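S.K.: Sequence:
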Amino acid sequence: MILEFIKMNGAGNDFILADNRAGNIRLTPEQVAHLCHRQRGIGADGLMLLVHCPSRKADWAWEFWNSDGSRAEVSGLQAATASSTSWT
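Reading the sequence shown from the start, the letters are residues -17 to 70 in this note's numbering.
Calculated directly from the structure, the hints in this document are not laboratory data.
In this text, all values refer to a predicted model and were calculated from it rather than measured experimentally.
Glycine included, every Cβ here is placed at the ideal spot set by N, Cα and C.
The list that follows gives simulated cross-link-like pairs (lysine to any residue, SDA-like), each with its CA atoms no further than 25 Å apart:
#, residue 1, residue 2
1, -11, 5
2, -11, 2
3, -11, 46
4, 39, 6
5, -11, 6
6, -11, 11
7, -11, 12
8, -11, 48
9, -11, 34
10, 39, 7
11, 39, 2
12, -11, 50
13, 39, 4
14, -11, 13
Derived CB-CB ranges, DEER-like:
#, residue 1, residue 2, range
15, 39, -16, 24 to 34 Å
16, 38, 12, 23 to 33 Å
17, 0, 20, 10 to 20 Å
18, 38, -6, 32 to 42 Å
19, 22, -6, 21 to 31 Å
20, 39, 19, 33 to 43 Å
21, 41, 21, 30 to 40 Å
Let the sequences and hints guide you as you build the complete structure.
M.R.: Set out below in structure tokens:
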């Protein structure tokens, strides 16, 4: 699988950001941890995927993972990082 991504930084943290509005990116927790690993992967504090908004109240929503592959709660820093990117 080829993963097109942007690496974003904010307040000393870095994130892998990818557009999954097409729904074709399916990652296991192990794959997320590998991508975030600083020696064997891209290296990041977490992964963010843009997805279609389930409620359709917005153009997109996001899903977050911690660097260990566990699901993350939405933080203000992650939200600001994702929203600072222009998605067309």
